[in-house]
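*Asks:* Here is how the chains run, residue by residue.
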Amino acid sequence: MILALGACIAALLAAVGGGFLRGSLQRTALCLLLGVSGLLAIVAGMAGLLENPATLTLPLGLPWLPMHVRIDALASFFLLVIGALLTPVAVYSQGYLRHERRLAAMGVFLPLFVLGMFGVVLADDAFSFMLFWELMSVSSYFLVTFEHEQPENRKAGFIYLLMAHLAGLLILGSFAVLYAAGGSFEFVSMRNAELTPFWASVAFLLAALGFGTKAGVAPMHGWLPDAHPVAPSNVSALMSGIMLKVAIFGFVRLAWDLIGTANFQWWWGVLVLAAGSSSAVFGVLFALQQHDLKRLLAYHSIENVGIILIGLGLSMLLAHFGHPLLAALGLIAGLYHTINHALFKGLLFMGAGAVLHASGTRDMESMGGLIHRMPATSLFFLVASISISALPPFNGFVSEWLTFQTALMAPQLGAALLTAIVPFSAAMLALAGALAAACFVKVFGVVFLGHARSEAVAGAREVDGWMKLGMAIPALCCLLLGLLPVLFVPLMDAIPRALLDVSLAGHVHAHGWLWLSPVDVSRASYSAPVALAGMLAIGGLAFWWLHPKGTTVRRGPIWSCGTPNLNARMQYNATSFSQPLRRIFGGVLQPDEHVHMEYPAHKLLTKKVRHVLHVADPAVRHLHRPIGDFVLNLARIVQQEHQRGIHAYLAWTFATVLLLLAVFA
Amino acid sequence: MNTALIQQIIDGLAALMLLVSFSLLAQHRMLSVLHWFAVQGWLLAITSAFVAYGTGHHELYVSAAMTLLLKGLLLPWLLWRVIKRLHVHREVEPLVNLTLTMLIALGITLFSFHIIQPIEKISQLLTRDSMAIATACVLLGMLMMITRRKAITQVVGFLAVENALFFAAIGSTNGMPLVVEIGIAFDVLIAALIFGLFFFQIRTTFDSLEVDAMHASLVEREEEE
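From first to last, the protein sequence lines are chains Z and B.
So that you can map any letter, position 469 of the first sequence is 469 in my numbering, and since no number is skipped, the others follow by simple counting.
Numbers given in my numbering equal positions in the second sequence, counted from 1, plus 665.
Next up, chain B with everything else stripped away, as it sits in the complex:
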């Protein structure tokens, strides 16, 4: 396959990535959020495999495999288990309604394309067009953390930010050194495990996984003191 085709494919995958970020934001149900999160992991793995093929950096295959295992399978499964165990309410419960969130997301995407323009002009990389999308995905992940009420959706938002950063790393520098990547992968895994532990702890302490409930309970406690 020639370079132009590879670039087309990578651009196409990047567009899909953005689409998935939007659909993460648009979900009503907890389980479908997890599904789309898994899809994002898969897309990331496929993108990194294509970049490995297109640039000839073979260690990227390893990172693609790790991404697939970790972000495509393990993390979604862990989160799914938490939801099952804790009997989390199946609704997403947004703070800002979905339509408004989507409009804000649209604005943020346009904004990211606008600010990345000067960088795209000077870049020579195969993957340069994906930079704007990666930035947009980072910001959308943050938006998800802000506009959702439940702690689990916030964790998903955090992990989505991490995915987007990984995507940006592939896009801007043809991937990080393998050692760094393995390190980050384990960090994310550990973070997910710690989050899981926290969920149990938070539930037993506050009787709820809603962030506002924790806050309210803390304020009450302060007032009692």
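So that you can see chain Z by itself, here it is in the shape it has in the complex:
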């Protein structure tokens, strides 16, 4: 507890340091204090997972409502997630912010943003929860609009602020329902409140919509692909890596802890499962069509939040149908993916930041060949790409494998409809995983392999030691979490113990310390070290067979089918890579694609070809924009009413008086 508060205080100090100091001292103080804050959070999270819950009432806040903080298993785990990414990002920022002139805004709002996330995780009453939640939302707005000179950044920031407030409002509504039932803002009384099924559903729906909006679940994700790319990369790493996770935390806290697993209804789980599956597939499909590197990563965040929700939704279903052990497995799978996604998505954004830093562009169509110029960055990026594609031996595989294991238990649910829905959602998850792998083949191939497509990229240089170190830490963590789930899953075991009253610890080790066997030894087990050893053996054999001793690699000119004047733009690029999938999923993507050919004399003598492609987000087109237009129209009508004369005003007053008399008299 002391450590957790220490992390908060370090973040606060960082805000002071970042705001008032100047020059390189400002940057160093900011990054050092944030790093310390992250380390403290890691230690506090570890300690909290191993110890019993501790509560504390702080002499802060409103006179009749002091702040309550509590560190339990769930809060500890998310502290750990925050700390695990915050520390490397702080190290990375030391290098990344070197050439930034105006640090004041970043110096104040980055630590406040971090403080907000700590506060949300630690809060033990609705008032401090909302206070820190808003602190997090508002300070991240200032970070999104850090480069506010560009109008599109301001627009993205505005949409982000709007959606964040909408989410805040919905969450507030959910707390209001719980407050009415429990009679107090403290979580203790909300936990013990008796809820009727109707009000429990209302609270759940409000919370799901609110946290879903903030977490970027389709179709409420409209703000996310705009806001993440425009923020500075170290901020995007934190926003995508942790802030979305804090929304997941809020959802778990409200649904599992406050509303309680006893109140679950079957359709809640189905709803979460459906939202998760559609987000996963939708996110990755649109990610494939992006050629802005950071925007692509932002769409992948939608996909991964979907995967987390699939785990949680399965767990809700299983908990409702009386399989707490399997529910615990689903919960662990979802939360495991939470920390995994924080690590590899943070790493990917840092890598994208390094590329942006070196080449000055986010457009993949002008990159290429960076593996020769930035070998370390490309190695770390490759690690993260393998992790996010859910390939062993890295961490993404473990959590998706656990999710699949849970989904395979669907026949135990009993209800015929549900046994049909769950495999469908597992199939969606498999599809999303395959498409994600395709997408990262595209990213890595286009950005790092081949030849440079522009002058700026050709002149790119490797980033400095701080940034390399900042990326090395999460890459190592990805490997460790992938290799040693047997050690990490028992550490997380405190969460299902607290929320579901069951423990997985005894089952995990059933087959010895090397094998992770989540359900039953006879069903499935996975051992990452063995898998890694097998992969290394096969890879080594293949290498040995393909490159026998004594032969040297021969390099020659590229065979061009006889065409003269090869140039870098003739390479297979991001748009061409995604073309087959664009064709297959044309019904969903609805691409706006035109090819303009210019042939002055004959069709065979083509002079110029222009290819125009635009893939619009259907959620923005069919959901966000109509709602926005509706609100604007309403505002226009009200404005016209405002413009009318005094008679109209009097008539409105009169009508109001009559109405009030009729209603209340």
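Please note that the accuracy of each hint is not assured.
Calculated from the model, a selection of chain B residues having no Cβ within reach of chain Z, i.e. all distances over 12 Å [claimed, not checked]:
| no. | residue |
| --- | --- |
| 1 | 687 |
| 2 | 691 |
| 3 | 696 |
| 4 | 707 |
| 5 | 717 |
| 6 | 719 |
| 7 | 727 |
| 8 | 735 |
| 9 | 749 |
| 10 | 777 |
| 11 | 779 |
| 12 | 812 |
| 13 | 813 |
Okay, the calculated beta carbon distance ranges per label pair [claimed, not checked]:
| no. | chain 1 | residue 1 | chain 2 | residue 2 | range |
| --- | --- | --- | --- | --- | --- |
| 14 | Z | 152 | B | 858 | 38 to 46 Å |
| 15 | B | 739 | Z | 643 | 32 to 40 Å |
| 16 | Z | 663 | B | 726 | 34 to 42 Å |
| 17 | Z | 634 | B | 739 | 58 to 66 Å |
Worth flagging that the hints you see were computed from the coordinates, not collected in a lab.
Everything numeric in this text was worked out from a predicted model, so none of it was measured.
All residues carry an ideal CB built from backbone N, CA and C; glycine is no exception.
The hints should help you fit chain B onto chain Z, whose structure is shown.
*Replies:* The following block gives chain B in isolation, referenced to the frame of chain Z:
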């Protein structure tokens, strides 16, 4: 005179009050609007005198006298002077035609009687039956403000609302304390004077006393800017 008779008289005066409110709405000419406004003031004074007699609250005589002077004589004279000075068009110029206005007024009166019913059942006062009429008169005054085009008719409507409120005060609580009443009386007087000043100002600024003209001119000015 016995209480029953006093109550009969007060009820009769209240009915007259409602009638006058209707006739205020029904007038075509500016001057007759003023006449009926003066009549309303007189009726108010007489009612308050009868209530003073019936309840034995003697300070109500003072307020009756003040009402007579102020609302029966001074305010109508002030408004008459404004009309003369400014050469206001003699027609009332309604926004909604008179027949429709009267129908709406009828509906509003029925509505007021309907909503006052629960209050009348619990009240023990001499004047309890007049409550519904007072409410109806307030609403009719507002209706007058809405449906008339000229600023002066709106002021008359406003003053009629004030009269009706005064009537309601007499009806529901046997009159307010004298100090309060004197205060209100002066407020109304000052309001009337300020309105008068405004009329001159508005006329010199907008060349018209029609409210729509002010609005149109403001919009034009905004567009020019």
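*Asks:* Hint by hint, say whether it matches the structure.
*Replies:* Each hint tested on the structure:
| no. | hint | in the structure |
| --- | --- | --- |
| 1 | 687 | holds, 17 Å |
| 2 | 691 | holds, 19 Å |
| 3 | 696 | holds, 23 Å |
| 4 | 707 | holds, 27 Å |
| 5 | 717 | holds, 29 Å |
| 6 | 719 | holds, 27 Å |
| 7 | 727 | holds, 32 Å |
| 8 | 735 | holds, 25 Å |
| 9 | 749 | holds, 25 Å |
| 10 | 777 | violated, 8 Å |
| 11 | 779 | violated, 9 Å |
| 12 | 812 | violated, 8 Å |
| 13 | 813 | violated, 9 Å |
| 14 | 152/Z / 858/B: 38 to 46 Å | violated, 58 Å |
| 15 | 739/B / 643/Z: 32 to 40 Å | holds, 38 Å |
| 16 | 663/Z / 726/B: 34 to 42 Å | holds, 40 Å |
| 17 | 634/Z / 739/B: 58 to 66 Å | violated, 48 Å |
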